[in-house]
Amino acid sequence: MALRVVAAQSARRLLPLLVDRLSSPQDDVFAPDIVVVPTVGHRDWLAEELGSQLGARDAGPICANVRFWLPNDFNQLIAGAKGSTDERWDSQRLRWHLLRILAAEPSRVPGLTEASPRFAPADRLAALFDRYAVHRPDMLVAWAAGAALDPVSPLLEDHRWQFELWSELRAELGESPAEFAVAARTAESLGSLPGRLTLFGLEVFSAAKVELLRAVSRSADVLALHVFPAPRALSDIPALAPGQHLRRTRSDLLAGFQHPLTRAWGRPAVEAAALLRTAVDHIAVEESSAGATDLERLQASIAEDRVLLLSPSDLPLLGCGDGSIQVHRCHGVTRQIEVLRDALLHRLADDPTLHPRDILVICPDLAAFAPVLEPILSAEIGGVSLPVAIVDKSAVSATPVAIAVDSLLLAAGGRLELSTVLGLMALDPIRRRLGLTEEQVSAAAGWLTELGVTWGLDDAHRSHPPWSYPSNFPDGTWRQALDRLVAGILLQSTTDREAPGGIIAFDDLSGASIDGVAALSAFVGALDRLVAEVSEPRPLGRWQEILSGLVTDFLDVRPDDRNQIEDLKRLIRQLDEHAAVAGDARLDLPEIRAFLDSGLSGVRARSRQWIDCIRIGSLGRFRGVPARVIAILGFDAGSFRSGRADGDDILALDPRIGERDIAAEERLGLLSTIASAGDGLIITCTGHDITNNSSVPMTVALRELVDTVAAVISATPEADRGHRPVVIDHSRQLADPVNLGVTDASGTKNVVRLVDTPWTFDPSARRIAEQVAGGTADSSIVWPTLDDDDPTGGSTELSLRDLHDAVRRPTDVYLRDRLQISLPAENRPTSDDIALWPDILDLHDLGSELIAGRRAGVDPDEWKRLRTLAGGLPPGALRTAVWSALDGEVDRLLSVDGVTYTPTGFIDVDLQIGPIRLVDAIEVCGDQIVAVLYSKWHPRHRVGPWLQLAATTLAQPGRVQEAVVIGLRNKSTVPADHERFVLAGETVEERTDSARRILEFAVDLRRRAMNDPIPLFERTSWDHLIRSRTDVGDAWRSDARRAAVGMIFGHLTLADLRALPPVPDLDAGLPSAVSRLDKFAEHLQDTWRRTVTVTDAVISRPIPRPKKVAP
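Heads up, the sequence shown is in this note's numbering, so the first residue is 1 and it goes up one at a time.
The hints are simulated quantities; they were obtained by calculation from the structure and are not laboratory data.
There may be inaccurate statements among the hints.
As the list claims (entries may be wrong) - Simulated restraints, written as ranges between beta carbons of each label pair: (1) Ile611 with Ala127: 33 to 41 Å; (2) Glu498 with Glu990: 46 to 54 Å; (3) Asp859 with Val960: 29 to 37 Å; (4) Thr420 with Asp561: 20 to 28 Å; (5) Pro1064 with Pro915: 17 to 25 Å; (6) Ala368 with Ile1099: 54 to 62 Å.
Positions of the beta carbon are idealized from the N, C-alpha and C atoms, including for glycine.
With these hints in hand, go ahead and build the complete structure from the sequences.
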């Protein structure tokens, strides 16, 4: 038997050799063929290719009796380490032995203290010892013999602790896999293999693996089909003596290579070839054929190790490519995916023989791109969509159960903020366990937000370190909120009522809320128990009980997803087994989360099968896998995260030839990817900053590749060069005219030179670009003008509130009352932090409640006490400062001379105003209608008292009444802003005429608002004709923030509003004006001026809320 090695530039060149080998029968017809492949991607590709090619020679697409091993399977099985010894030394089991040792003596590891976590160091050490066994087994053999060597030189004193730890493990566990592997080198026979052995597509070999191959080949037929970037240069690699421990720093195996990419990226492959040459006399070479495209010329230059010289004068040649190599410089992640989508669509459109299955997309930073990759890349464009599958999805998307478990544990170790707990309740496994619908979870979120929950189970939870809040401040805790909810179920009331225990019942509940409150209470109770359990380190056996309880208390899934729960339970049961090894060692919460994360990483969504689709995966999965078109998505600096070497890694301190270097292997993976592309190589990167459009430099590796392509084009005869750019700079927006074939005037966006048709296939890009060019780019809806058949909106009886909305907010009337469109309530911003001062909305609510209470004769001190019990106020002295500031403002609001603040009764109104009947009851204070507002005075506040004054005058014509509107002002030394007015007219008849005109005006506005979105706004229309342009602009921005106004008019600027032309049919009866905005503003203000007489006005400019007062 013997070892044979054949090298080729790509796996595709080696495939025929593998097919021939597998087609020849073995002596034992039942013996399998063992094929060792470097990645799962190679395994899948070979399964597809062999099924086609082997089956074609017989009776169909069949690939039978072939076992695919990954390199680690080979290391374990061939070394004879598969068995109890191997299980004891498995790194996942070894970490528990190390945990026990470090728990007893943390000082065994430098820098580890009694307070330090133990699991992470134990896990890291287990991985280090496993790395030593694979890459430098001779060192561990020396350690087993009692010599602290590396294995030639004595270990540095800083590393002797590893020798001592490993030796202790060796005494406990027996012989290690490294000793078996070294012993196998000299064994006459390693026993019978399951079948014929072929190593296919491996680029990297360690010295230990080569020695093992040499040993295996003494009794087995071994063929290594080696991928090497420059096969013709293999003979130039210096020979190494068998078994020679050559330090990497003392060798220069790349000295004989000429090609810049091989010198920059190819070191691991060159080292592997040098090691293989120690085991065989000759490495056969599969030659690559010459090609006619830039990509094929680049591949040939690498394979033949040509000398490529690049001068700055060659860089303009990057505009002379043929399109087979494309580097797209984009603005961020989203534009990279959009550009890749169009590039692939062009490829498929230009080549009818190209299918989606012939395309691979390699994404080095798949986690960053995955959330938006499929939605954008597979979006339907012009009736066509790309079929895509992220076959590496398991690496970026955890199962719902895994997410729920980690989120629960993370929350239990934190403050339990409102947003965090609501997020937990929304997770599907938890929501199902609670028995809640999505609507019930949304309702609970509304209650809890209104209750002012911030964080903390109760005041005792808050008092624990690291927060150490006072233990007598329960405001905003979950316990206070639950108490109020339960009291609200028991005490149905619309006003604050104190329940036993000083609890204010929550008044926004109904009988249908009982289930939701019960589920929420059970959930928070379970969280309370979980927090207590995970608050300190526990032995593994106790963690097994805690996590089992977590599954029972918090998780439920659909029947189809039961495997997720079973996988979790299986992992939890393993803790019992690990406890027998780890002894009394304890893990804290972050450590148990790390354990679950590492264990559940295998319980992920399964990869898609290889169908006719574009396959997307990581560089680790697809490096070196052949495809006709290969795209590298995200060739950016942050995408290659090989990390720094571990400071305790003895191998990294003084590396030998063939030992693993992750950063170098990443570059080699890129070299293999270039060699594996058949027809095209497409690369996208971030070339422009998404915020300021500044140029972003290419990564060093990409710059090296682009320079090499320029050198390849320079060496190409001028007649054979193309006219396409290699580096393409793209626009910030997909709808940029340059993507539609319009030449960029600046010349910086050169995509028009890459293809002969418009770049983008997205028809919406053209529509948007045409709208921008025509000045019509807006997303407004054409709102219908409705018939005037039913001006009352289906009801002949209205209240003053209906007329108030018509005058103040007519867009609400149009959407809500006529179109029956219910817009969501405007969400107030919430915070998970305890407020040290009320925000502007909370201050308004407090001030309004205090005003209403004082006007109704409520004891202010009692009201403050109940309001304090309800929560939501700052703690301690800050709360006192809030009351002080409010008292001062409210005192001024309630001290205007000549105003009766206390209500004296109601006036019933039952009037016929045109086609409608107006029915209401209006509160009066003697002969006054008084509105006291805890907000800045503004003319819009007149509307309510204005309509009320008109209605009461028509209801009781002989009664002379006055309206008073009082609001805040900025100077605390003067009374509040206020305005008094009466209806215009000296006689009863004149005043009733004014009153009827007011109500008819309101009814007419309601009729108009029910038929058409009229441009009448509560701030802008009052300010439009009397304020400065700046003030009106501020007013419009404020109006446009309201949901209804924003929905209909939000796309318009103030200038657009002023330019809206009148509509004669709709605007009949309105004052003459140049725009609709002017017409309705004039109609409003003219009606006001003609129907009232202002008897007193003390009005200042708008002012801010009360400043914070130091306690």
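Checked hints:
Remark: the range hint 33 to 41 Å for Ile611 to Ala127 is upheld by a beta-carbon distance near 36 Å. The supplied range of 46 to 54 Å is met by Glu498 and Glu990, whose beta-carbon atoms lie about 52 Å from each other. Separated by about 34 Å at the C-beta atoms, Asp859 and Val960 satisfy the suggested range of 29 to 37 Å. A C-beta distance of roughly 24 Å is found between Thr420 and Asp561, which places it inside the suggested range of 20 to 28 Å.
Range check, Pro1064 to Pro915: Cβ separation about 23 Å, and the 17 to 25 Å hint holds. Roughly 56 Å separates the CB atoms of Ala368 and Ile1099, a value that falls within the hinted 54 to 62 Å.
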